[in-house]
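With the sequences and hints as input, model every part of the structure.
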Amino acid sequence: MTLPGLFRAALFFAALTALPFVLTAHWIVNLGVFTLIYAGLASAWNLVGGLAGYPSLGHAAFFGAGAYAEAIYFQHRDVGADGLTPFFVLPLVGAAVAVLGLAVGWIAMRTRSDVFAIVTITLLFVAQTLAFNLNSITGGSQGIGMPGAPFDVDSYERPFYLVLVIILAFAMGATWAAMRSGVGLSLRAVAADEQRARGIGVHVTGVKLLAFAVSVGIAGMIGAVWAYYVSFVYPQFAIDPLITIGMVLMAYLGGRGTLWGPVLGALILVPAQQYLAYQYGATQLYLIAYAAVFLLIMLLMPRGILPSLSHLLRRRAARASEPADQTPADAVPTAEEMVR
Amino acid sequence: MTALLEVDHLTKRFGGVTAVDDCSFTADGGAITGLIGPNGSGKTTVFNLVTGYLRADSGRIAFAGHAFTRPDPAALYRRGLSRTFQQARIFPELCALDNLIVAAGHPWRSLFAPRRGKADTARARALLDEFGLAAHGEHPAGSLSYGQRKLLEFASVLMSEPKLVLLDEPTAGVTPSLVATMERHIRRRHAAGIGFLIVEHDMNLVMRLCDPVIVLDRGARIAAGPPDAVRADPAVLDAYLGD
Amino acid sequence: MHTVIQALILGVLTGGVYALMASGQTLIFGVMKVVNLAQGALVIAGAYLSYSLFTSLGLDPFVSILVTTPVLFGAGAGLQWLFLRPLREQDRAELSLLVTFAVALGIEGVLSVTYKTTYHTIQTGYADSSFTAGGYQISAVRLYAFVLSVAMLGLLYLLLERTRFGRAIRATVQNPESARLLGVNAHAVAAVGFGLGAATAAAAGAVYGLLYSFNSGSHYDLISRLLSIVVLGGLGSIGGSIVGALAMGVIASLVAALGPPIWSDFSFFVVLLAVLLIRPRGLFGASLRGAL
Numbered sequence: 001m002t003l004p005g006l007f008r009a010a011l012f013f014a015a016l017t018a019l020p021f022v023l024t025a026h027w028i029v030n031l032g033v034f035t036l037i038y039a040g041l042a043s044a045w046n047l048v049g050g051l052a053g054y055p056s057l058g059h060a061a062f063f064g065a066g067a068y069a070e071a072i073y074f075q076h077r078d079v080g081a082d083g084l085t086p087f088f089v090l091p092l093v094g095a096a097v098a099v100l101g102l103a104v105g106w107i108a109m110r111t112r113s114d115v116f117a118i119v120t121i122t123l124l125f126v127a128q129t130l131a132f133n134l135n136s137i138t139g140g141s142q143g144i145g146m147p148g149a150p151f152d153v154d155s156y157e158r159p160f161y162l163v164l165v166i167i168l169a170f171a172m173g174a175t176w177a178a179m180r181s182g183v184g185l186s187l188r189a190v191a192a193d194e195q196r197a198r199g200i201g202v203h204v205t206g207v208k209l210l211a212f213a214v215s216v217g218i219a220g221m222i223g224a225v226w227a228y229y230v231s232f233v234y235p236q237f238a239i240d241p242l243i244t245i246g247m248v249l250m251a252y253l254g255g256r257g258t259l260w261g262p263v264l265g266a267l268i269l270v271p272a273q274q275y276l277a278y279q280y281g282a283t284q285l286y287l288i289a290y291a292a293v294f295l296l297i298m299l300l301m302p303r304g305i306l307p308s309l310s311h312l313l314r315r316r317a318a319r320a321s322e323p324a325d326q327t328p329a330d331a332v333p334t335a336e337e338m339v340r
Numbered sequence: 001m002t003a004l005l006e007v008d009h010l011t012k013r014f015g016g017v018t019a020v021d022d023c024s025f026t027a028d029g030g031a032i033t034g035l036i037g038p039n040g041s042g043k044t045t046v047f048n049l050v051t052g053y054l055r056a057d058s059g060r061i062a063f064a065g066h067a068f069t070r071p072d073p074a075a076l077y078r079r080g081l082s083r084t085f086q087q088a089r090i091f092p093e094l095c096a097l098d099n100l101i102v103a104a105g106h107p108w109r110s111l112f113a114p115r116r117g118k119a120d121t122a123r124a125r126a127l128l129d130e131f132g133l134a135a136h137g138e139h140p141a142g143s144l145s146y147g148q149r150k151l152l153e154f155a156s157v158l159m160s161e162p163k164l165v166l167l168d169e170p171t172a173g174v175t176p177s178l179v180a181t182m183e184r185h186i187r188r189r190h191a192a193g194i195g196f197l198i199v200e201h202d203m204n205l206v207m208r209l210c211d212p213v214i215v216l217d218r219g220a221r222i223a224a225g226p227p228d229a230v231r232a233d234p235a236v237l238d239a240y241l242g243d
Numbered sequence: 001m002h003t004v005i006q007a008l009i010l011g012v013l014t015g016g017v018y019a020l021m022a023s024g025q026t027l028i029f030g031v032m033k034v035v036n037l038a039q040g041a042l043v044i045a046g047a048y049l050s051y052s053l054f055t056s057l058g059l060d061p062f063v064s065i066l067v068t069t070p071v072l073f074g075a076g077a078g079l080q081w082l083f084l085r086p087l088r089e090q091d092r093a094e095l096s097l098l099v100t101f102a103v104a105l106g107i108e109g110v111l112s113v114t115y116k117t118t119y120h121t122i123q124t125g126y127a128d129s130s131f132t133a134g135g136y137q138i139s140a141v142r143l144y145a146f147v148l149s150v151a152m153l154g155l156l157y158l159l160l161e162r163t164r165f166g167r168a169i170r171a172t173v174q175n176p177e178s179a180r181l182l183g184v185n186a187h188a189v190a191a192v193g194f195g196l197g198a199a200t201a202a203a204a205g206a207v208y209g210l211l212y213s214f215n216s217g218s219h220y221d222l223i224s225r226l227l228s229i230v231v232l233g234g235l236g237s238i239g240g241s242i243v244g245a246l247a248m249g250v251i252a253s254l255v256a257a258l259g260p261p262i263w264s265d266f267s268f269f270v271v272l273l274a275v276l277l278i279r280p281r282g283l284f285g286a287s288l289r290g291a292l
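Chains as they are written, first to last, in this note's numbering: chain A, 1 to 340; chain B, 1 to 243; chain C, 1 to 292.
Since the hints were made in silico from the structure, they are not lab data.
Please note that a few of the clues may not be correct.
Said to hold, decoys possible - Facing chain A, a subset of chain C residues (Cβ under 10 Å, in silico):
#	residue
1	L160
2	S213
3	L258
4	G259
Claimed, not checked - Using C-beta positions, here's what the derived DEER-type ranges look like:
#	chain 1	residue 1	chain 2	residue 2	range
5	C	A171	A	R316	43 to 49 Å
6	A	L84	B	S145	46 to 52 Å
7	B	F14	A	P4	54 to 60 Å
8	B	R116	A	D154	46 to 52 Å
9	C	V71	A	R316	43 to 49 Å
10	B	F14	C	F165	23 to 29 Å
11	B	S145	C	T114	52 to 58 Å
C-beta atoms are modelled at their ideal positions from N, C-alpha and C, and glycine is treated no differently.
What follows is the structure in structure tokens.
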């Protein structure tokens, strides 16, 4: 990433961090919390679905795993006088979910990406069934409660918001590190032509598993924060296909495989979704809305906003300067543009 | 002296068709070996079997003294055997330079280092220069012409400093000037110590460039030897013209 | 022993219905190389359609199939034409998964808005009756469902083997490039293939509505099972998916009879895992480790 790029990132995160101190209305910070949840999830998903080209349709299961882990752990434990203990265990939750992800990924990634999607969908459903039925562990359909946070009522959401900013920074940092290292290059080779990648010495299985483990670990941590935020974990909300759909849609909208795409997607869709929910109430309608937006993006702008924009800008620049034979006819954004 | 690559009694059947029939031959590390035969003689299938992209029904290969009953492309690559494909398989979304860097074949640990490491980048740029692709270094490989892609693919399999390179129809579908370019690159690399096994249809090229030449017909080896001998071999003429 | 055989019978009967659903899925995959994640939703849509026809017109579900199959055939062909055909060749494999997933969601959304989210089932007069044969009980509905599935599969077979269009479809499945060179209209084949897949879903849906209670969200459960079956049978082999469906039906039934019922739900996933670990290509499929 270039110096301007780093500067932009710093600016972005500074602004993000400052927001809850400046705009203190509850509904704004709450909106911020959910936007950050999805931005983090979408960024995490991007590692597997965007960089590696393996569209995981079961990430919600790992989100839920993190949520349940946190809730179960703190069900009968003290959250500490400052209420920060649940945040301090987050790295542990992340690591645990990542290990789970290694096991799952090892089985699920043995075949090509469409079978992978099958396995992950099935995984989601199995996880939900487990959550509903392992009453002794998960409380079944009654759910599990967590102690509420002893935060100041006026700025209740703020600690959650800030922790989520850190997680988002971590997710984006991981993505950025991947992109500028051999890991990202290997992942993109895998996404382009996995079989050939294997044949020229790319450590296919290794990088796939690494991406998957990190990706689900982050999702798990976000789930844990969410559990603490809502205080009560119900199976249908913790392991909800809509969560997967949301993060996938946001990654695609903004531009999957790019650094900022998922964040952009979340920034656009979460407020829109909350607004629609507020205006029209019914949850079911936004299933249709999601489906419609999804289909529109797939058909009209499959690369997402950022790559399409950069492609447009490059074409304009190329047309303005060089002779025609230097302009790639159907070019795809290069790694540099992705990381800008 | 055992040859660098030994192919031992490879057989592959697809349904009722025997594509490769008890095929055996060797390829030496110091030679440019040609593999020819009429259409349907099983040349590309043999390539796929040898490099592990297809599993043989029986037979084995040995490379650099190591026997493989179930060859694996990755393992072979690490030992110094690389191959190109007829359709010029490169990674279209990656730029040309990255296409080369990703093929460097380093161990796990180095993955976490910056991807454009000094040594790799220098070598990649040198290769791009050598193959006339320097101007396209940052362009996505998908935007290159077919001929340029073939050159890029060839360059990329050289990144790991292989001992033997299997070229699958390197001049298929390319312009005559590119044929000359390909030949030049092969010769130069051969002079630098790399062995080649080339499947080809261009007879003139094979006769000029390759020695020995192995001829397949209907999945089996029917002749092997210097180009002049093969050219005059009645069995070979029969295979191409007869039946 | 009696329990085991009873479970076997039940398993085969249920497996037959799954076979019908799975074969539609496999057909779509064969023709377009697309894993249709909306297959479950199409079945549920068929179930709802039959339900509506039953409650408003008193039409027996088995009869309603005459109406729902052409309707869903059209819907399927339309979906393919609207959402899958425009995808560029290179993106298709990857995006089709998400597109069909989005379609499934859309169908779920429409159904839940139309019918709300309460569970429904088609309660015909004979819904609870059963036969007894050789000391074993056979539910009437399940038997009829099985017979229907066999009949529809037979029809599908005839269609594919005996008609010119069926031949075009089979040619496309085996070798799309050659088929195109021989003048087969790839687009038409794709649309019809998808339509047929949706039509089988309609027929299966009528039966599903009779056998189970369902709501708009039931398609997740269903698609997971269908996918497990298809992976077991081998992606792309219709015969394989039939065998896989029967096998799964029997396994699930045996597990339910001999152990806690909840494990029966998991049996699908366990089998899926086992297949992926032992033989990823399934019983009859081509190798899954990436195409050459």
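Okay, the hints, checked on the actual structure:
1. L160: 23 Å, violated
2. S213: 16 Å, violated
3. L258: Check failed: Cβ of L258/C comes no nearer than 18 Å to chain A, outside 10 Å.
4. G259: With Cβ-Cβ at 14 Å, over 10 Å, it is violated.
5. A171/C <-> R316/A: 43 to 49 Å: Distance hint for A171/C, R316/A holds at roughly 45 Å.
6. L84/A <-> S145/B: 46 to 52 Å: 60 Å, violated
7. F14/B <-> P4/A: 54 to 60 Å: 56 Å, holds
8. R116/B <-> D154/A: 46 to 52 Å: 50 Å, holds
9. V71/C <-> R316/A: 43 to 49 Å: Cβ of V71/C to Cβ of R316/A: about 48 Å, so the range 43 to 49 Å holds.
10. F14/B <-> F165/C: 23 to 29 Å: 28 Å, holds
11. S145/B <-> T114/C: 52 to 58 Å: 54 Å, holds
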